[in-house]
Structures are given as C-alpha cells and as structure tokens.
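Trainee: In the order they appear, the protein sequences are chains C and F.
Taking the numbering used here, I'd label the letters of the first sequence as residues 99 to 479.
Taking the numbering used here, I'd label the letters of the second sequence as residues 47 to 448.
Bear in mind the hints are in silico, worked out from the structure with no lab data behind them.
Here a beta-carbon is modelled for each residue, glycine too, at the ideal position from N, C-alpha and C.
It cannot be assumed that every hint is accurate.
What the hints assert, rightly or not - Short, incomplete list of chain F residues facing chain C, as computed with Cβ under 10 Å:
(1) 375
(2) 414
(3) 439
What the hints assert, rightly or not - Simulated pairs of lysine-lysine, DSS-like, Cα-Cα distance not exceeding 25 Å:
(4) C:157 x C:141
(5) C:263 x F:113
(6) C:312 x C:256
(7) F:90 x F:186
(8) F:75 x F:62
(9) F:78 x C:152
(10) C:312 x F:367
(11) C:157 x F:111
(12) F:423 x F:324
(13) C:263 x F:324
(14) C:256 x F:144
(15) F:111 x C:329
(16) C:152 x F:113
(17) C:157 x F:133
(18) C:263 x F:147
(19) C:357 x C:176
(20) F:133 x F:144
(21) C:263 x F:133
(22) F:245 x F:111
(23) F:245 x F:62
(24) F:186 x C:312
(25) C:264 x F:186
(26) C:264 x F:147
(27) F:144 x C:264
(28) F:111 x C:256
(29) F:157 x F:225
(30) C:157 x F:202
(31) C:152 x F:111
(32) F:90 x F:113
(33) C:397 x C:157
(34) F:147 x C:256
(35) C:157 x F:367
(36) C:157 x C:263
(37) C:312 x F:111
Claimed, not checked - Far from chain F, by Cβ distances over 12 Å, these chain C residues were calculated:
(38) 180
(39) 183
(40) 305
Take a look at the letters that make up each chain.
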Amino acid sequence: MIYLDNSATTKPYKEVLNSFLKVSEEFFGNPSSLHKIGGQAEKLLQQARSQVGKLLNVKETEILFTSGGTESNNLAVKGIAMDHRERGRHIITTSIEHASIHNAMVQLESLGYEITYVKPDRNGFISAESIQREMRNDTILVSVIHVNNEVGTIQPIKEIGTMLKKYPKVFFHVDFVQGVGKVPLNFYEAGVHLSTISGYKFHGLKGTGALFIKEGVHLSPLFSGGNQEWKQRSGTENVAGMVAMAKALRMTFEQRKEKLNQMEEAMERLRSGITEIKEIIIHTPIKNRAPHILNFSIKGLKAETFVHAMGKRNIYVSTTSACSSKKKAASTTLLAMGVPQDEAESAIRVSLTFSNTVEEAELAAKAIAETVKHLSEVVKK
Amino acid sequence: MMYDRILVRYGEISTKGRNRNKFIDRLRKNIKRALINYPNITIKAERDRMFILLNGEDSDGIGEKLKEIFGIQSFSPAVKVEKDLDKMKDASLELFRKIHKPEQTFKITAKRSDKTFELDTNGINSEFGGHILRNVDNLKVDVRNPDINLQIEIRKEAAYISAETISGAGGLPAASAGKGMLMLSGGIDSPVAGYLSMKRGLEVEGVHFFSPPFTSERAKQKVIDLSEKLAEVYGHFVLHIVPFTEIQQAIHKQIPENYTMTTTRRIMLRITDAIREKQGGLAIITGESLGQVASQTLESMYAINEVTATPIIRPLITMDKLQIMDIAHHIDTHDISIRPYEDCCTVFVPASPKTKPKLEKVQKYESFFDFEELIQKAVEGTERILLQPASERKDDTLGDLF
C-alpha cells in the first residue's frame, strides 16, 4: 500500500497508540477529581500541555485542548465574534478556507455579522495588502489559513500579522492544521492571537486538537459546563488523547529533522514524474508552497474515477479536501484561484508525510501516468 | 554582517566600591548559567562592562535570556571594528542596511573614550551620518526621536558599532547578597515576594508547610511547580517542606478559635527561623501585603513578629493586589497559584480571626502548652528538595508516555 492522503489524516504512530492505551488503562482518572487518581490524570494533562507549548514555542497556559481542527476553528472564530460583538461585527477571511472556517462564517452571517471573503491571486496567494484594503473600523477578526489544505500554498502569515499590528484591536486567527510539523510558524513573531492544530494530521488520534490562545485574549466559550480549560472549553478532558497528541507532535518534529529532505525529494520526483503527462495540469505553485501537498487536474477525467482506479493499484490519493470530497463539488480553492469549472471538478490531491519514500513517489508517478493513459483511452471511445 | 558580541552594562553594580569584583563575578556566573544552551559563547567581564562574544551563536535568542537576568541595566548587540575610518564606515553601513526598514529615521550617537582618535564626537556624527545618508535612499535624520540610533563608540582597543539598546531586568545579581528563607504558601503573593528578593541579590530558599490529609499532594505539587519557576532565576531552588499536621491539630485543641490564626503564624515563623539558622540564612521573606487579610494588619504583624528578631523582608508590603498579580503574570506563576487546592492557610482559617490580636493574650494562651517540642520535631522532619528550572525539567517518571 502506498498511502498518499496524509492531509486528510495520517496513520497514528505505534508509540502514540501505546501511550493512548497505557494512559486509558492505568491513568483513567478524571483530572477534575480531587483524589490521587484524579491528580495523576491532571498531572499527565499538564505535562501534555507543557510539551505542546514548548514544541510550539508558546506558554503552556496558552494551549487549550479541543477535539480537533473543526472545534478549534469554530471556537476561535465564534468565540471572538461573540465576545467582541459590541465593538464590531465585521470579520475578514479568505475564500480559500477550510469548511470549518467557511461554514462558521456563513453561520455568523446569519446572526448579523458581516464577512468579507478576500480572494487569492491566480497562484492561490492572499497578500497582506488585499486584507488591509478591507480593514474597517468595526473589523474585529481576521482569519487566514496557513497552508491551504487543497493546493498547499503557504500564505504570508508573518506579513499579514505585521500589517495587522497597526490595528491593535483586531484579532488574528490562523488555521495551522496543515502547516504544523511541516512548515514552521512562530506565532509570537507573526503577531498571531489564535491558532488551530489538529492531532490526527501529525500521526496522533482523531478527536484530538488544540487552540493556541495568546495570553490576554478572551473569547466566549462554545460549550457551557464544568468550566474545564480555564472555562473556555468545558467537558472532561481527553487525557489519553492529549498525551498521545503531545507525543505525536514531538515525534513529528523529530521526524521532520531527519526526513524532511527525503520527503522533499519524493515530492520532487512525483512532480517531475507527472509534469510530462499532457492531460495533467498542476495547480500547486513551485514557490511558497508546503513540501507535502501537490494538486493537479486531469483533463477529461472525473476525479472520483481516477481515485478509484488508483485505489485498485493500492495507491491512495484524494479528491481535494477529504472533508468536502463526498459532496462531489468542484474545489472552492481552485475556483477562487480562477481555475475553470471543469478543471476544478477533476482535481486530485496527493499529500505526503515523512515516512513516504522516494521509491513510493516514483511508483506513484508511474501509476498515475499509466492510469491516466488507460482511463483516457476508455473515455475517448 | 552578523553581530559578533553583546555589550552588557552593569547599572547599579557600577556604584560599588572595593567589592565590585564580587558582584561582577556573580553576574558573570549567572549569565553563563543562563546561556548554558549556547556553548560557543565566551564572556569577558571588565570593570565597567561585560562583553559576550557570540562566536556564531544567535544574538536574538541570547538577548531574550539576558532580559531576565538581574544586575543588567541594559545591553546592546554590537560589532567590533578596527579603528580605521574606512572599515568603520563600511561596517556601520552594512549594519545599518541590515536593520533599516523603509521610512525609518535615524541619528548617530558617537562616544569617544579614546581621545587620540582622529575625529571628535561631532566629527564622527557628521562623518558617519553623511556616509549613511549618501548610501541609503530616502533616509531622514531625526535627532530627537529616531527609529534607529546608530551608536559608534571609540575605545582604546577598538571601535564598537551597535544600533539598539535593550533594557535589562535591573537589580543586583541573584545570590550576591546572602540568603533568606521565603515562606511559600502556594498563593499568588509569596512567589512574587521571592522573585523581588532575588532581584535585590538575595539567595532565596523556600519553606512550605504541609498538613496531610488536610492539604493534598496536589497542593504540595503546586508549591513545587512554583519553586521550579523561581529556579529559573539562578538555575536551582531549594524547597523545605515542613510536616505541619501535628502542630495544627495541637493549636486547634489548645488555642481559642479566634486566636488560632495568630498562633499558627507565630509557630510558622519560629520554624522558618530555625530552618534559616540551619541553612545559614540571615533573613525571612514573606508575601505579606498590608491589610490584605486578617493576619496582615499591623496589629497582627506586631503580635506575630514578636517571636523573632531576624529581619523579615516584606517586598509586597505596600503593593496593591493588581500590581502583585501583574508581576505574577510576568514571572509565569499566576496560573499555577490559582489552582484551587486547599493549603494550610485556607483549611484552618477560623470563622472570625482576630484582626487586632493582643500580644499578651496570645502569649498567655500559648503558655499552657509546650509547643517547643513539636516545633523541634517538625524542623527535624523537614524534607529538603532541590529543584531545577521548569524550562529545563525532564519529566522522566512517565517519560515513555510522552
């Protein structure tokens, strides 16, 4: 099997599963319980928080545990919107956000907020100027994705954050889900107030995630309840999941050190391997893109057909974002970049992780070429 | 061009006389320890300033660490250049270009301790100002409020060029002024009091009163976590944990309820004093702030303080709670302190403690029972733990989980 859908989810590391199992079995206490068993669980949770904070270069008290990217994104966007609604109801985001931002914005629109969706240029980039042009007196939040989940473009977060420093009352949220462990980002330096990560995108478990909330930033909680996580996220903490996530994050950072070159080379081979195929149009730009995502369209072929054909060869790729792929809609990111409808409907995403080898990439490139050739012949008849 | 050194200015140490070298040496050691993760640096301590030679290490990262070290008034990343006008001009321009951003203004500040140098300060100002203006487009001079202040200092051995002066933490080098025992409860105030004492050069050790099962392991852990934050200042922190249950039970039995608080404090002070003596300390530090709680009225402090003649340092005595909380946030102890576990100051609080206890009365109540024996036992049973800074902590107990 060659698994090339790592932006949808990654395979949990064995060691991460072991931690999850051990914590679930031996340290099952509720961290809010006063007794010793509760104390152990609380200590583990603190240790997980401290490790995640250290790895992301922030304070441990700035890490809030959640159930994943969707929850973190919703909490950030709605939490700020609700808490600061007296000051303004204008929010700026981009038209290439993940569904968990986009749909949260749509919901806020129905509650009387005004959302500006900034469009990317033809290559998929959002400039700081294009955001600055939309800034208003009643703007309270800017939310921008770091690495786009569909095409892999890296947005100039630091430039946007630097520009936003001129607007001290505006909060800056960054969806860091695809970037974490793959493309470094220093939250403090980039002036980021809130940032989302998701455990299962870096070999942790599903149902785990975190939101970085810079010291001093306040938001309204989405869940009311027992006031866990500094009252911002009630609900008994998923201790085993968070310990596992902290471990996955550490291992991912270590893997990056050892294997980034290998992954970059694999991507290079893949890209050069399919560039020659005349039916293929590559959408991922050459510069300022993440090292693990490649997006392309195959002229005249339905994306789903291609995914299944590759699956038969035991190679797993994806039609754009997994979270919306079942809707059969064209990629919104590609449409926003100005890619024609039919091309956007036939888009394929290949996403790597550090364990993918150059050999796998070569096999995959070859398989893609053969599959395209074979399917095109069938379709033409 | 990269900075090749950081110039450190001493501030208050400079006012010292014959013992100045002791302070400088302490500061050098503290800096060396704080920069343990930068193995290539070398430190040259001189009489009125210190140079940290970077030898390729990252000046920004080191700067972040230096900001927290007591005894440093300010510091500037700098480049050392031969006292040759052309070389100095090249270096100045290169450094300037590296940090300059469009539309920023600048000025030159020259300093010349080597009076044999061919230009005087005005000469240096105009010569270098002119050189930079000629070579950088759209640049303006602003001598009052410049964005960049390019400092050119001519000393005997060389010229130094720097562009920023960063404020240090002030104070005196930690552990340069003798030892004090900090009564550490787990609340917001006492860690702040400890930190401020360290700022004036005290070496601080913590004393915590532990009363299981009335107070829990988690309350003790909280104090350990706080101590690990205080350990950041000079690399370690000693914490004494006093077994206090028996004494609290005895007080509860012997002393009328509205005086238990006063007696408890008096005995805590006696125990702390005994530990201080054993450890060779010369002071006791508390987080008391006037009027904050019943034990911190002037009458209370008068009645409590009677048990010892040892100097009691109360850095927070005139501070407001909000000021204290600001510092707690700054030193990162606030969020630990607000964890909601019972400590011995909250469990045994009487319903209505005397805010104006009478000394004669408390002496009389205590005279019916021999607390001395219990105090000795508590001092002997005290556990001493040596803690490492939180930032260097290795969580090895369950390490394989992480």
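Trainee: Would you mind marking each hint as holding or not holding in the structure?
Mentor: Evaluation of the provided hints:
A hinted interface residue such as residue 375 of chain F counts as satisfied when its beta carbon comes closer than 10 Å to some beta carbon of chain C; here the least separation is about 8 Å, so the hint holds. Taking 10 Å as the C-beta cut-off, the interface hint given for residue 414 of chain F is violated, the closest approach to chain C being about 36 Å. At a threshold of 10 Å, the smallest CB-CB gap from residue 439 of chain F to chain C is about 8 Å, leaving the interface hint in force. For the given pair, residue 157 of chain C sits about 17 Å from residue 141 of chain C by alpha-carbon distance, which is consistent with the 25 Å threshold.
For the suggested pair residue 263 of chain C and residue 113 of chain F, the alpha carbons sit about 23 Å apart, so the restraint of at most 25 Å is met. Between residue 312 of chain C and residue 256 of chain C, the direct Cα distance comes to roughly 16 Å. Compliance with the 25 Å bound is thereby established for this hinted pair. Under the criterion of a C-alpha separation no larger than 25 Å, the hint pairing residue 90 of chain F with residue 186 of chain F is inconsistent with the structure, at around 37 Å. A threshold of 25 Å between alpha carbons decides the hint, and for residue 75 of chain F with residue 62 of chain F the separation of about 18 Å falls inside it, so the pair holds.
Pair hint residue 78 of chain F plus residue 152 of chain C holds up; C-alpha atoms about 23 Å apart against a cutoff of 25 Å. At most 25 Å may separate the alpha-carbon atoms for a hinted pair to count; residue 312 of chain C and residue 367 of chain F meet this at roughly 23 Å. Distance hint between residue 157 of chain C and residue 111 of chain F is fulfilled; the C-alpha atoms sit about 15 Å from each other, no more than 25 Å. Annotation: proposed proximity of residue 423 of chain F to residue 324 of chain F holds, straight-line Cα distance about 14 Å (limit 25 Å).
A distance of roughly 54 Å separates the Cα atoms of residue 263 of chain C and residue 324 of chain F; the hinted pair therefore is violated under the 25 Å criterion. The straight-line distance between the Cα atoms of residue 256 of chain C and residue 144 of chain F is roughly 18 Å, inside the 25 Å bound, and the hint therefore holds. A distance of roughly 32 Å separates the Cα atoms of residue 111 of chain F and residue 329 of chain C; the hinted pair therefore is violated under the 25 Å criterion. Distance check on the hinted pair: residue 152 of chain C and residue 113 of chain F sit about 20 Å apart at the alpha-carbon level, within 25 Å; holds.
Restraint check for residue 157 of chain C and residue 133 of chain F: not satisfied, since their Cα atoms lie roughly 44 Å apart, outside the 25 Å limit. A threshold of 25 Å between alpha carbons decides the hint, and for residue 263 of chain C with residue 147 of chain F the separation of about 16 Å falls inside it, so the pair holds. For the hint linking residue 357 of chain C to residue 176 of chain C, the alpha-carbon distance of about 37 Å lies beyond 25 Å, and the restraint is violated. Restraint check for residue 133 of chain F and residue 144 of chain F: the C-alpha separation of about 17 Å stays at or below 25 Å, so the hint holds.
Only pairs whose Cα atoms come within 25 Å are accepted, and residue 263 of chain C paired with residue 133 of chain F is rejected, the gap being roughly 37 Å. Our distance criterion of 25 Å between C-alpha atoms is met by residue 245 of chain F and residue 111 of chain F, whose separation comes to about 15 Å. For the hint pairing residue 245 of chain F with residue 62 of chain F, the CA-to-CA distance comes to about 16 Å; that is within 25 Å, so the pair holds. Between the alpha carbons of residue 186 of chain F and residue 312 of chain C the distance comes to roughly 36 Å, so the proposed pair goes past 25 Å and is violated.
For a cut-off of 25 Å, the pair hint linking residue 264 of chain C to residue 186 of chain F stands: about 22 Å separates their Cα positions. Restraint check for residue 264 of chain C and residue 147 of chain F: the C-alpha separation of about 16 Å stays at or below 25 Å, so the hint holds. Taking the CA atoms of residue 144 of chain F and residue 264 of chain C, the gap is about 23 Å. The hint holds against a cut of 25 Å. In summary, the hint linking residue 111 of chain F to residue 256 of chain C is supported, as the alpha carbons are separated by about 23 Å, within the 25 Å threshold.
Using a Cα cut-off of 25 Å, the hinted pair residue 157 of chain F and residue 225 of chain F is violated, with the two alpha carbons roughly 40 Å apart. Between the alpha carbons of residue 157 of chain C and residue 202 of chain F the distance comes to roughly 44 Å, so the proposed pair goes past 25 Å and is violated. The straight-line distance between the Cα atoms of residue 152 of chain C and residue 111 of chain F is roughly 16 Å, inside the 25 Å bound, and the hint therefore holds. A threshold of 25 Å between alpha carbons decides the hint, and for residue 90 of chain F with residue 113 of chain F the separation of about 18 Å falls inside it, so the pair holds.
Under the criterion of a C-alpha separation no larger than 25 Å, the hint pairing residue 397 of chain C with residue 157 of chain C is inconsistent with the structure, at around 49 Å. Restraint check for residue 147 of chain F and residue 256 of chain C: satisfied, since their Cα atoms lie roughly 16 Å apart, inside the 25 Å limit. About 23 Å separates the Cα atoms of residue 157 of chain C and residue 367 of chain F, which keeps this hinted pair within 25 Å; it holds. Between residue 157 of chain C and residue 263 of chain C the CA atoms are separated by roughly 21 Å; this keeps the pair inside 25 Å, and the hint holds.
Straight-line distance between C-alpha atoms of residue 312 of chain C and residue 111 of chain F comes to about 21 Å, which keeps the hinted pair within the 25 Å bound. Every C-beta of chain F lies more than 12 Å from that of residue 180 of chain C, the closest at about 24 Å, which supports listing it as non-interface. Against chain F, the non-interface label of residue 183 of chain C holds: every CB pair exceeds 12 Å, the least being about 27 Å. Non-interface call for residue 305 of chain C relative to chain F: holds, since the shortest CB-CB distance, roughly 18 Å, exceeds 12 Å.
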